[in-house]
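**Student:** Residue numbers (the UniProt record's numbering), protein chains in the order written: chain A, 1 to 347; chain B, 1 to 347; chain C, 1 to 347; chain D, 1 to 347.
Just so you know, the hints here were simulated from the structure itself, not pulled from any lab data. Just so you know, these numbers come straight off a predicted model, no measurement behind them. One thing to keep in mind: the hints can contain errors.
Derived, one-sided and incomplete: chain B residues facing chain A with beta-carbon distance under 7 Å [what the hints assert, rightly or not]: (1) 78; (2) 79; (3) 80; (4) 232; (5) 249.
From the three backbone atoms N, C-alpha and C, an ideal C-beta is built for every residue, glycine too.
4 protein chains.
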Amino acid sequence: MEPNVQQTPERLAFYNKIDQQNMSALWNVMGALITPEPRSACQPSLWRFDAIRDYMLEAGALITAKEAERRVLILENPGLRGQSKITTSLYAGVQLVQPGEVAPAHRHSQSALRFVLEGKGAHTAVDGERTVMEPGDFVITPSFTWHDHGNSSSEPMFWLDGLDIPLVQFFDASFAEGLDEDEQPIKRAAGDSFARYGHNLLPVGLKRASKTSPVFNYPYQHTREALEVAKRQDEWDPCHGLKLRYTNPVTGDYAMPTIGTFIQLLPKGFSTSRYRSTDATVFVPIEGRGRTRVGDKVFEWGPKDIFIVPSWQWVTHEADEEAVMFSYSDRPVQEKLDLFREDRGNV
Amino acid sequence: MEPNVQQTPERLAFYNKIDQQNMSALWNVMGALITPEPRSACQPSLWRFDAIRDYMLEAGALITAKEAERRVLILENPGLRGQSKITTSLYAGVQLVQPGEVAPAHRHSQSALRFVLEGKGAHTAVDGERTVMEPGDFVITPSFTWHDHGNSSSEPMFWLDGLDIPLVQFFDASFAEGLDEDEQPIKRAAGDSFARYGHNLLPVGLKRASKTSPVFNYPYQHTREALEVAKRQDEWDPCHGLKLRYTNPVTGDYAMPTIGTFIQLLPKGFSTSRYRSTDATVFVPIEGRGRTRVGDKVFEWGPKDIFIVPSWQWVTHEADEEAVMFSYSDRPVQEKLDLFREDRGNV
Amino acid sequence: MEPNVQQTPERLAFYNKIDQQNMSALWNVMGALITPEPRSACQPSLWRFDAIRDYMLEAGALITAKEAERRVLILENPGLRGQSKITTSLYAGVQLVQPGEVAPAHRHSQSALRFVLEGKGAHTAVDGERTVMEPGDFVITPSFTWHDHGNSSSEPMFWLDGLDIPLVQFFDASFAEGLDEDEQPIKRAAGDSFARYGHNLLPVGLKRASKTSPVFNYPYQHTREALEVAKRQDEWDPCHGLKLRYTNPVTGDYAMPTIGTFIQLLPKGFSTSRYRSTDATVFVPIEGRGRTRVGDKVFEWGPKDIFIVPSWQWVTHEADEEAVMFSYSDRPVQEKLDLFREDRGNV
Amino acid sequence: MEPNVQQTPERLAFYNKIDQQNMSALWNVMGALITPEPRSACQPSLWRFDAIRDYMLEAGALITAKEAERRVLILENPGLRGQSKITTSLYAGVQLVQPGEVAPAHRHSQSALRFVLEGKGAHTAVDGERTVMEPGDFVITPSFTWHDHGNSSSEPMFWLDGLDIPLVQFFDASFAEGLDEDEQPIKRAAGDSFARYGHNLLPVGLKRASKTSPVFNYPYQHTREALEVAKRQDEWDPCHGLKLRYTNPVTGDYAMPTIGTFIQLLPKGFSTSRYRSTDATVFVPIEGRGRTRVGDKVFEWGPKDIFIVPSWQWVTHEADEEAVMFSYSDRPVQEKLDLFREDRGNV
């Protein structure tokens, strides 16, 4: 795939000529375009929550949620600086909403996930329904739905924002608009979506065009309970421990069409076998402590730290205490496009 | 569709002649085969649980679960006697397992649902996992999975069995076998399936060939909670009140490929608008009292009574108290075959 | 699955008592309902086209297509007489349209296939489009579409009608109506459907609710050409030779939701390995001669003969000349319901 | 979506500080990331085939197909120079294979389409089967299948290569390898795939993991015939004339998972209504002459010219002669991700 082409004066002259015509020679770039294995600028990296938290509080003193529209610090992959990306295709930021604040209503093509890190009692409203958020909750704001956030508790509220901003950019498909009012009108009772869609039941005759799950809050309490029961079975995947993906109950597919979201339990003392896959992944431990080796790097982590495993780099996890990790990647997209590959080592 | 054909001696002679060749004339039967609207032998009918219960206990004294293999009284539609059918395509029976009894392990092509009517503490084991059953629970034994039932409580346990026996018969596709032992070996912890599949989560990389839900017990507690929250929204379907279908979380489709199962709440005092559909339906109120008009008949019902609405007969429900009804029909099959039709009156 | 229950006077008295209540004891019938293998009344059988043809022409002299609405002789399975069935779930008849005749427009829930046996130049009109039929053509009239037939050629036209009449009956889902006029108005050019849907192309933005293929004539010329090229590969399935199923290009699924249709080539001298499956099948050789063993019976066949293989009976085919066979069964339904099974012997 | 944030010395200092931590403030970039409408660097552009042809022949004299591995000139979008992209997500190049040459066998994650522009008799081999190519043929080399090209005719052969190179790059999912030999061994007869999969028939029991169509050559003769018949219906879409998409007969979905391919007929004198959509599209007229307005630009085109319509720019076509245009875009991806939008003006 890397033709070894000698350059002659005639050839160089030719390249110059066609360059004027918006043309270039494939044989000079084919090796860079079509690589034998993924070659990504994305780097393994870790952000400590303690540090993020301090910066966020500092930001909280510098700007209001309203002025900022969203008071978020973007986590930028060190290999992709200036691009507002945490991996090549995905975005991550940490958002702070202070007591009494509102992040005003808007909507956009970009889909967002919120993974709650600290605080209780703030809410997200989506399409006329509010949900109150607690640590470990996974909340979705589907593509082009009105959403706003508010904090009526007495504590600052922190969560991780995961969005498909680079992906929507790549497809030149961004649309967005703001609402005249800060908060959208509430039309449905809290918990209505979860009651109708989240209990292995669906409304008779439901027709749904959206590919995003109508369950817009997957409460941690519920998820944790599932892990607690499933772990009794004492069957562990050598590469993942016990790893589940969040689903859209209407289709059984991923909860979001562009972002795969996962929850994973590693029992105390468990070490995973090496694994690699093409979906660069953002990990957020929510319970426990341990370490992860990615390529040549080793990250020690505890609750709410955030780290990245790039595409096709070998990864192993080791849990010193029973650990629960949330993660997200573009795996659903790669699967739909027949691009996803994984390698489970010699397991 | 009903040609008015005169019969002449020549024609009659011809019919006799072709009859010898295993042939017959379509024009003499077309009106009966292809009717302008469904014409079914299935009749509206109701069985009171109190009466069934008495007969069951009498049966309990006459035969053991082991001798009977399954101690079940079949509910036979009065229009379809001798065919072991409650509707044209479906079967219903009521099963009793006495304290200490076992209904031995077997498996068969026929899919079964259990809807628990009375008793606590009996279990069903399916494919190496046990579930303990309580009133209102909807339990599945998928096609060709090993299953056995036992009762280690001190009370008799009654449930409704709904099977696709007539349907499997119609397709000449019955297979069955018994196990040498009464009870199958237990390989998975109780609750494991519900933990892995019933929480809007699925194991990463799951491949599943079966079209039946891996959640094999849908506990009533969980279902009732969903109804309780959803009813706050105070939005009622004129024909159904609040009606949800049980789903297979792997696909979002019905929980079973051959039988649709539903749960429905009618608020106190609610009267539904008339409705008809092509899927003859078995109803089982589990809470509340009311009445249902089917064609010219009116059935007064209370908890655990069982009644039938045949295909394409107008039905209205009226609830004197807040009522919850379980129901099942062949709707998933009709939908897959483009045969399902419904008529919501003039709503 | 066949409990060996002793009958006592008390038990017999009990059976009588519950019989009054529309109830019966499962343990007395379970062995008949849930069999270890399919036990069908459907029998292997063959009808010679020559004989059918003679009877049809006789019928042609006795009744017009218009008086009969459809001048069809039903092929009744010898094990299922009086039920207008060729297998437990399907219907077959042979239809004759004489030159100048019209079989008037009607529509019904039942789906129909036409497989043309003899004659050229008759047409079927479906939903405003006409197709001219030739031997070997497979033509669909989808559920509840207007259809009429006419013969503007100078020869009698014979085709096999395959319908899902028993299946629609079983689901109590029959609807039908006639049109005031004999022939429906023509709104689309002949060949339009095949051009738009039959060339591995589909209209941009197509939304289609029906599960039936929009290609309503699969011309034999086209099908035969596919077989002719594919046979060069000289790869034969031991049980089937070269067997293809007709598809709905919109979904890749079977061409009709309720009936699977197949075309199959056996090279000269080929003998298949034994095979059995749960879908009772109607076979129609269109070219070649050979014999088929079904259970203990052997049928010698030539072009246009029609024979039946019931569910789960071993079948082998032997071709004396290169043979092409059309066939149909309820396999798509059984697959959708997780009921289909096949056994390829020890291949 | 564009918060108007005042920058203060404290804020600027804060930005500097977090920059060291691989963090940045969302409020400074949100307006650029989440735009109210697509803002793309991709520009409308046209390349004349005559010019391309001359450059290609010049390249033919400078380098052999074997030395170049693929002798291709990339068409680079003027707004995306240096990135080997014709739109933000797709690649286009023109390939020349001279008589007697071979472009050696390799395989890669990137999917490719070939749309034949000039010449007859060259072949593409894919997974052991060869197809001979003619002008207007649309040929697929699916992801990670071995493929090589050869020209045993006496004329140079030109085709357009459309690949998803930028997309595979964006997902960091490139794999590739070469074969030791120039040409792969041939295992299947020419035409076998089209016979088995391209005639509205599929092999019984087919299981297929790939999302790409098994029909790897869609011959223009076949496609043109479909257009010729369909145009008789004289029904035109105001925005598209008669536009069809190539399909994967196994699923009815697009022929390739990452690239949508289309064929479109405009009758003589037809002018389309304005239309815009989020999928930037590469157009290649193969018959006829006309002009296309994209935003403020107007392109006059004839056979084999190649032009680009970027995302969300208004486009109208006008045909001076009956015209047929091939086109491709990332529409299937956008549809799968719920990102696709179109605007049909006020039609």
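**Student:** A separate judgement is required for each hint: does it hold in the structure or not?
**Tutor:** Taking the hints in turn, this is what the structure says about them:
Checking residue 78 (chain B) against chain A: minimum C-beta separation of about 28 Å lies over 7 Å; hint violated. Because the beta carbon of residue 79 (chain B) sits about 27 Å from the nearest beta carbon in chain A, more than 7 Å, this interface hint is broken. A cut of 7 Å between beta carbons decides the hint on residue 80 (chain B): the least distance to chain A is about 26 Å, and the hint is violated. Annotation: interface hint on residue 232 (chain B) holds; nearest CB of chain A at approximately 5 Å, less than 7 Å.
Taking 7 Å as the C-beta contact cut-off toward chain A, the hint placing residue 249 (chain B) at the interface holds, the least distance being around 6 Å.
Violation of the numbered hints given earlier is confined to hints 1, 2 and 3; the remaining hints are satisfied by the structure.
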